[in-house]
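Model the full assembly from the supplied sequences, consistent with the hints where possible.
Protein chains: 2
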Amino acid sequence: MRYTKLTFACALALSSALTAPAFADPVQDALKNDEVAWDIVEGLTTEIGPRQAGTAAEARARTWSVAKLKMLGLDNVRIEEYQMPTWVRGTEVAEVVSPFPQKLAITALGNSGSTPDTGLTAQVVYFDNLAALQAADDRQLKGKIAFVNHAMQRTQDGSSYGAFGGARFIGPNIAAKKGAAAIVIRSAGTDYHRNPHTGNTNFEAGVTPIPAGALSLPDAENLQRMIARGKPIELKLVMTPRNIGMQTSGNVIAEVKGSSNLPPIVIACHLDSWDLGTGAFDDAAGCGIITAAALIVKKAGQPKRTIRLLWAGAEEVGIWGGKSYGEKYKNEPHGLAMESDFGADRVWRVDFKLPENAGQLAGDIASALSPLGISRGTQAAGGGADVGPIIDAQNLAIIDLQQDGTRYFDLHHTPDDTLDKVDKAQLRQNVAAWTAVLMKVANYEGSLALEPKP
Amino acid sequence: MRYTKLTFACALALSSALTAPAFADPVQDALKNDEVAWDIVEGLTTEIGPRQAGTAAEARARTWSVAKLKMLGLDNVRIEEYQMPTWVRGTEVAEVVSPFPQKLAITALGNSGSTPDTGLTAQVVYFDNLAALQAADDRQLKGKIAFVNHAMQRTQDGSSYGAFGGARFIGPNIAAKKGAAAIVIRSAGTDYHRNPHTGNTNFEAGVTPIPAGALSLPDAENLQRMIARGKPIELKLVMTPRNIGMQTSGNVIAEVKGSSNLPPIVIACHLDSWDLGTGAFDDAAGCGIITAAALIVKKAGQPKRTIRLLWAGAEEVGIWGGKSYGEKYKNEPHGLAMESDFGADRVWRVDFKLPENAGQLAGDIASALSPLGISRGTQAAGGGADVGPIIDAQNLAIIDLQQDGTRYFDLHHTPDDTLDKVDKAQLRQNVAAWTAVLMKVANYEGSLALEPKP
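Protein chains in written order, with full-length UniProt numbering: chain A, 1 to 454; chain B, 1 to 454.
If you are wondering where the hints come from, they were derived from the structure by calculation, not from laboratory data. Given the structure is predicted, the values throughout are model-derived calculations rather than measurements. Some clues are possibly wrong.
Stated by the list, open to error - So, partial list: chain A residues that the calculated Cβ filter (under 8 angstroms) puts toward chain B: (1) Gln102; (2) Phe203; (3) Arg349.
To be verified - No more than 25 angstroms apart at the CA atoms, straight line, and that leaves these computed lysine-lysine pairs for BS3-like: (4) B:Lys299 to B:Lys257; (5) A:Lys70 to B:Lys231; (6) A:Lys231 to B:Lys70; (7) A:Lys103 to B:Lys177.
Using N, Cα and C, we set each Cβ at its ideal position, and we do this for glycine too.
This is the structure in structure tokens:
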């Protein structure tokens, strides 16, 4: 009996191996075999490394990307340049002067003002969170260094960034308006390494930027413990970033040409990175994922709709690439937008924003994703930063493949965003998920048009 | 029935609470209640921070320690100074110049030579490990930057440090003798953060020190990937450490006085730390553990033997404190030596080096440690760096409480050695283990003398 069963199973396996083409299923092909996504992440992080927008490194990254995308066989590969204001990092040192002299690990936030070259020393005023800073009397802050703490925790959906990131997004502007000499925040991050998290902050027109830095979590907690001892804390900051004016940045665009004139699907990642890490998670991975998936779809047969890849420039420092794309292409009808910009960990949920008539498409996609461990969410898809402007311009349909963000804010905007953090198996699961979606949506002949905006 | 049982249990608990003194067992007291060890680690890391030997920070740490140890009620608290040569860090930047320009995270090794202020640029010559460097022809290295890789992995007993640390310990000397312009090594560490591991290296008398730095693991692997592409790699190093001559360092010594004239038990930790982190794991934790345990033993009743605490200075940079102690006290008979200098994670094994007549003592100690999850090892105890000189001078008996080193080399000599890495429960388990040992050994009236050295 046992012998018979085994023989039958073997015969079945053998027959399957002999008759079926290997991985006729493009999704399985992606999951088991893809090397393209890894190759792009490995290449960008090794051969280019950090590629801050507006710098020579970002320009080298564009040249590298064009060569890579052409070599991979994509169509209409091109660079589309634009100009953008550019801020660059200088020296950055933070040092408790008294009563507990020691250095603290700090990094300047994008758009931070500069201290004098010899630094700035002032007393620290502590705030538990952004609300406490907002509520503070200006007299408390005048000439002082505000220190804004918060309690950001790891979340799978990354929602803690929105909830606690305000200390970075708007804290410096508030502190500047209240007359603070400078501000330091607990990094908008979740790891306990001495690698502070940078990221843009913005000052309102007419507000003079003050020096604004982020402390690593161990340093923020050390400063908090010092403050808890009840003595005035004198902190010295030397941070000398500067604005170097308008510089050239650019998008890299490539396509898998469709067989019809149906509006294209635009899929985006961003090519620029912050200067501290090598931008593996943020966002070489996204570029690797969308490109690998588009190529697998192409290999499976020409899709009906063109798939347009937008490797956006200058996302980190103000979404200049996304805005440039939105402006340039606002009059060319698009079918749907997607974006990959949340690391390299596995996709766990799919969200849709589709017209009512496309209910079957959503169901088909959800079914195709289910074997990959991806469930269907209940909220409307929102897109991403770089496809935001074209979505807004055209009220586009959107599909979001939500990645697991549990460890994303351990790495985000830190020196630790390096290749070794990328898990090959999870990266391939992303490629497989994107392949599953693109196979359906790029071959969908129905209308994807949403009602015009109210 | 159920009511009766509960009543009985409650009555028993109540009776126990009313009649027994709380935690009559000092080991349980340590495990459940100790705050002293944490308080010392928290205080040193917050109020002093990094405390490199020979610097003002180490001097502040001595002052802090004397006040703390007196406040805790220890006897004969004192500083014993000595002079030692002192090396201090300068600028440190590593940058691939071509063909893949980007910065690499580097830190200078202790005793590293200096580059010119404008830096040094040379081609990188790759070696898989120390043996490959040793085997290299001098002509390969002349004027080049040696890059020594290795495959160090996490080990519970820390043995990988000895096995793979040679790239740091002796690699620079070998490279210097072969005519290399400089050397960079993969950090002797096991974590993937952009925080390279420093630590001393040594050049033989007559060998001119060359610039010697450690790359973080992500950076070492990035450089390795660049090299694998087959093109010559030009690396620029700017490292400007300098020797500032003989400086004052010192040991802090305190005692729990014994009731007899039996030779004292010396227990050690080290007060100095490397300059990059705040020295929580290495070795404020050790000082916290031994001190907390000694105080609990004291609270349980005056021990027969004096317990002498050696908070050694200048361990990291050449064991100057341990050598000073060994020289100063070589003629005062000691009973036994112990040391805590392997972080703050739990003790998992006990090793002995005791005279044959003390077999019962070893058995008693092993029994007392067993409930803490500590097993008896089969190798002879070796002591530690700071008690090494006095052990050598007197052929002392030793007990080693081996700590779990699985994550020790994630933190060792990096900026990441900060308070947040210390787990309170594991720290208390250490205090409990030390309490168990000291209760036995400090009250042991038999001879602890080993045979004189052969």
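Going through the hints against the structure:
About 3 angstroms separates the beta-carbon of glutamine 102 of chain A from the nearest beta-carbon of chain B, less than 8 angstroms, and the hint is met. Evaluation of the phenylalanine 203 of chain A hint against chain B yields a violated restraint, the C-beta minimum of about 28 angstroms exceeding 8 angstroms. Contact between arginine 349 of chain A and chain B, as hinted, is not supported at the beta carbon level, the nearest pair being about 28 angstroms apart and thus beyond 8 angstroms. For the given pair, lysine 299 of chain B sits about 12 angstroms from lysine 257 of chain B by alpha-carbon distance, which is consistent with the 25 angstroms threshold.
Note on lysine 70 of chain A and lysine 231 of chain B: the hinted pairing holds, with a Cα-Cα distance of about 23 angstroms set against a maximum of 25 angstroms. Note on lysine 231 of chain A and lysine 70 of chain B: the hinted pairing holds, with a Cα-Cα distance of about 23 angstroms set against a maximum of 25 angstroms. Restraint check for lysine 103 of chain A and lysine 177 of chain B: not satisfied, since their Cα atoms lie roughly 36 angstroms apart, outside the 25 angstroms limit.
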